[in-house]
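Participant: For reference, the chains in residue letters:
Protein chains: 2
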Amino acid sequence: MEQLKGACIIGQSGGPTSVINASAYGVIRTALDSPSITAVYGAANGIKGVLSGKLYDMSKEDPAELELLLHTPSSELGSCRYKIKDPDIDDTDYRRILEVFQKFNVRYFFYNGGNDSMDTCNKISRYMKKVGYDCRVMGVPKTIDNDLFGTDHCPGFGSAAKYIATSCAEVYKDARVYDTGMITVIEVMGRHAGWLAGSAALAGLIGCGPDLVYLPEVDFDMDKFLVDVTSIYDREGKCIVVVSEGIHYADGTFVSEAKVASSDGFGHAQLGGLAARLANIIKEKTGSKVRGIELSLLQRCGAHLASKCDVEESFLAGKTAVETAVNGGSGYMVGFERLEEDGGYTCKTKLIPLADVANYEKKVPLEWINAEKNGVTKDFAAYVLPLIQGEMEIPKDMGLPRFARLNKILAE
Amino acid sequence: MEQLKGACIIGQSGGPTSVINASAYGVIRTALDSPSITAVYGAANGIKGVLSGKLYDMSKEDPAELELLLHTPSSELGSCRYKIKDPDIDDTDYRRILEVFQKFNVRYFFYNGGNDSMDTCNKISRYMKKVGYDCRVMGVPKTIDNDLFGTDHCPGFGSAAKYIATSCAEVYKDARVYDTGMITVIEVMGRHAGWLAGSAALAGLIGCGPDLVYLPEVDFDMDKFLVDVTSIYDREGKCIVVVSEGIHYADGTFVSEAKVASSDGFGHAQLGGLAARLANIIKEKTGSKVRGIELSLLQRCGAHLASKCDVEESFLAGKTAVETAVNGGSGYMVGFERLEEDGGYTCKTKLIPLADVANYEKKVPLEWINAEKNGVTKDFAAYVLPLIQGEMEIPKDMGLPRFARLNKILAE
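If you read the sequences in order, they're chains A and B.
According to the working numbering, the stretch in the first sequence is residues 1 to 412, in order.
According to the working numbering, the stretch in the second sequence is residues 1 to 412, in order.
Just chain A, same shape as in the assembly:
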């Protein structure tokens, strides 16, 4: 494979995670160390920063600050929810991207995101090939939703799952403190896939699990739900319910839909308020004390509780993307393959064509949802458990986390 010399751009896109910066660091560190890569630019707010030519020169950063990206939640370079057009219909954005690539001699493009970002990545890859601009494009996955196709699991999911399971275990303890009745409804993220909601069930492995878990993979039935809750409550005086924000009725309408107020740039409805809504319905039905808890942004930015496995794999995904591209690969997303050796978990990277990944959502297999459709099976827990293992030693500043402080000096 012929060596391709030039600059690289790393961009971050979509909703952030606790560990997306670990992937960015995997890209940045590896690229800075690569003889083929002449400059490393961070795009401000993903593809929007490419379009506007707002690129940060990563070589101007203190290496120790860059390393702190391993522990810094959210997308440090900034993110976007910019839906790029189909180049066959409107190639305005692509011509602008090409212009910026040419100006900075960008020969490597790494895009760190979820489904929509892999679609963007794929379109740019196709366009550059079509116009004959020699550029290698790689997707670096991230999503707490764990819904990317072709990979065993996604960077970002393990840490969110660890946060959710730990928080549910702690809330379990709190919710049982009185000898009076108490029902708790915990809402977790997950529009179309129930990986996060199911992960709450891991708290059951330490005896502090939810009684009921509802995933968006199956239709939600309010009457059945109320029977489920009240029968447990009548028997035990307590009931902890976990719901995915994306649960929906058989006709496809979201249970939270009345609360929908706005939508994000991709036309997805913005959900929320489901826990409070279900809590009110249960309170009316049972007269019990009910508390709704929405884990909200906390579940995707709780880097203080990141899974070591997840941080390491996230870094690996970024590193592998650069190594693959430098060695001639292009048009792939880095994915993971799970190897179960001697009963232990190990993981190796694999490459998935971007065209296969883009816009496809991987859901929880129905056989991992229990017969009553209100919980997950042991196989589900066995799948998630290795991904939440280990904790990072978090650098601290005055008892609080020490996040990376980047200079963000614009490239000219």
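None of these hints come from the bench; they were simulated from the model.
This one's a predicted model, so the numbers in the text were calculated from it and none came from an experiment.
Note that CB positions come from ideal geometry on N, CA and C, so glycine has one too.
Take these hints with a grain of salt, some might be off.
Selected chain A positions facing chain B (Cβ under 10 angstroms, derived; list incomplete) [as the list claims (entries may be wrong)]:
| id | residue |
| --- | --- |
| 1 | T72 |
| 2 | S79 |
| 3 | K83 |
| 4 | A165 |
| 5 | C208 |
| 6 | V227 |
| 7 | S231 |
| 8 | I232 |
| 9 | G273 |
| 10 | G292 |
| 11 | I293 |
| 12 | E294 |
| 13 | L298 |
| 14 | L305 |
Calculated from the model, a selection of chain A residues having no Cβ within reach of chain B, i.e. all distances over 10 angstroms [stated by the list, open to error]:
| id | residue |
| --- | --- |
| 15 | G15 |
| 16 | D57 |
| 17 | S59 |
| 18 | A64 |
| 19 | I89 |
| 20 | T184 |
| 21 | D234 |
| 22 | R235 |
| 23 | F254 |
| 24 | T346 |
| 25 | K348 |
| 26 | K378 |
| 27 | G399 |
Covered stretches of chain A (in silico footprint by chain B; criterion: 3 or more residues with CB under 8 angstroms from a CB of chain B, positions within the stretch not fixed) [as the list claims (entries may be wrong)]:
| id | stretch |
| --- | --- |
| 28 | 195 to 206 |
| 29 | 381 to 390 |
We have chain A; now place chain B onto it with these hints.
Facilitator: Below, chain B alone, put in the same frame as chain A:
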């Protein structure tokens, strides 16, 4: 001082904290090791367990499991919100308590709770003295609200403050990920005292603090609030607001009042839903994207992020209560005195008469609230900062916290 030989009871009352069990462990461990104490009983659900004679024999527990109480959130013995009557008006409960004390030869009573619990503790102490039953009664403080009189600070506060400041810093990162407008409203606990809301401002020490903080010590003015928020939002495109659940208008009505649905056993209104409510009001006013986040139970049960200072002091409070009682003290709550030696923080215990503590709420001094009434001063931060220092090494089980598993064998 004459040696008093007999059994002890430890009870837990009121809302739980991340570290109330560290105090219970301080009592239990010290009592088990004391030659004066013949048996150590844990009351199930506080004073309710005393009244019903439901007492767990702590000598039947595995010492290693007891030690895990240091890391186990919530009140492991169970709690209650039982309002005991004034013994001069109705002494039914007290006669029953005396009966149980006599049956089990209880000569030491330790009650682990907040304001209301210290009132209970005080009434029992007075009654036992009045009827001439030789029994030493000590209060062991706990409250995330930090509102107990006579002590520099309260066990439970530091860990909640650390959780709140850390979570706010993480949310700050998340809320700035897009280059589009975003306002975030974070609701923290605190009915009448703003210690917890103010603690969010500590995130500012690492550059990730809220723009505005509203405490219940000063009247809330919705018009002024909206001006505060929109002026920051118009200038910066982002705004993070922290509100105490107890903020109220000048006439005393809670801002969250429309959402009040039920009340606890002490006649306090149960608050909640404030963040969502303010988010809606701001959204209507500004048209901006607004997210309301309620830290809910998470802030008081997040033992995975407990402050080491708080855990150690909580244990010390329990230990000191037993040592004081064994040495003849009675009718006191253990409190803390802050010593600033060589610029460093140290803390020693002190004893405060229960009668002084009961039912009095210590609020944030007005001079620690800024002139605009929308933030706290440096003095406030300097006061809280030592209390959030250090982290515990959390024992783990399958990547999740390993909580204490007690046998809870009933005493006969």
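Participant: Hint by hint, say whether it matches the structure.
Facilitator: Status of each hint after checking the structure:
Evaluation of the A:T72 hint against chain B yields a held restraint, the C-beta minimum of about 7 angstroms falling below 10 angstroms. The closest approach between the C-beta of A:S79 and any C-beta of chain B is roughly 5 angstroms, which is under the 10 angstroms cut-off, so the hint is satisfied. Because the closest C-beta pair between A:K83 and chain B is about 14 angstroms apart, greater than 10 angstroms, the hint is violated. Given hint, A:A165 at the interface with chain B, holds; its Cβ is 6 angstroms from that chain's nearest Cβ, closer than 10 angstroms.
With its C-beta approaching chain B no nearer than about 7 angstroms, A:C208 sits inside the 10 angstroms limit, and its interface hint holds. About 23 angstroms separates the beta-carbon of A:V227 from the nearest beta-carbon of chain B, more than 10 angstroms, and the hint is not met. Taking 10 angstroms as the C-beta contact cut-off toward chain B, the hint placing A:S231 at the interface is violated, the least distance being around 23 angstroms. For A:I232, the shortest C-beta to C-beta distance to chain B is roughly 19 angstroms, which exceeds 10 angstroms, and the interface hint is violated.
Annotation: A:G273 was flagged as interfacial toward chain B, and the flag holds, the nearest CB pair being 7 angstroms apart, inside 10 angstroms. At about 8 angstroms, the closest approach between the beta carbon of A:G292 and any beta carbon in chain B falls short of 10 angstroms, and the interface hint on this residue holds. Residue-level restraint check for A:I293 holds (minimum Cβ-Cβ distance to chain B is 5 angstroms; threshold 10 angstroms). Residue-level restraint check for A:E294 holds (minimum Cβ-Cβ distance to chain B is 7 angstroms; threshold 10 angstroms).
Here the hint on A:L298 is kept, as its CB sits about 6 angstroms from the closest CB of chain B, short of 10 angstroms. About 6 angstroms separates the beta-carbon of A:L305 from the nearest beta-carbon of chain B, less than 10 angstroms, and the hint is met. A cut-off of 10 angstroms between C-beta atoms contradicts the statement that A:G15 is not in contact with chain B; the least separation is 8 angstroms. Listed as a non-interface residue, A:D57 keeps its Cβ farther than 10 angstroms from every Cβ of chain B; the least gap is roughly 19 angstroms.
Interface exclusion of A:S59 from chain B stands, the closest Cβ pair being 23 angstroms apart, more than 10 angstroms. No beta-carbon of chain B is positioned within 10 angstroms of the beta-carbon of A:A64; the least distance is around 16 angstroms. Interface exclusion of A:I89 from chain B stands, the closest Cβ pair being 25 angstroms apart, more than 10 angstroms. Listed as a non-interface residue, A:T184 fails to keep its Cβ farther than 10 angstroms from every Cβ of chain B; the least gap is roughly 8 angstroms.
Non-interface status of A:D234 relative to chain B is upheld: no Cβ of that chain comes within 10 angstroms, the nearest being about 19 angstroms off. For A:R235, the requirement that its beta carbon stay farther than 10 angstroms from each beta carbon of chain B is met, with the minimum near 19 angstroms. With a minimum CB-CB distance of about 17 angstroms to chain B, A:F254 clears the 10 angstroms threshold, and the non-interface call stands. With a minimum CB-CB distance of about 16 angstroms to chain B, A:T346 clears the 10 angstroms threshold, and the non-interface call stands.
No beta-carbon of chain B comes within 10 angstroms of the beta-carbon of A:K348; the shortest separation is about 21 angstroms. Every beta carbon of chain B lies more than 10 angstroms from that of A:K378, the smallest distance being close to 13 angstroms; the non-interface claim holds. Distance to chain B contradicts A:G399 as a non-interface residue, since its nearest Cβ pair spans about 4 angstroms, not more than 10 angstroms. Coverage of the stretch 195 to 206 of chain A by chain B holds [criterion: at least 3 residues with CB-CB distance below 8 angstroms; count 4].
A stretch counts as covered by a chain when three or more of its residues have a beta carbon under 8 angstroms from one of that chain; for the stretch 381 to 390 of chain A and chain B the count is 4, and the coverage holds.
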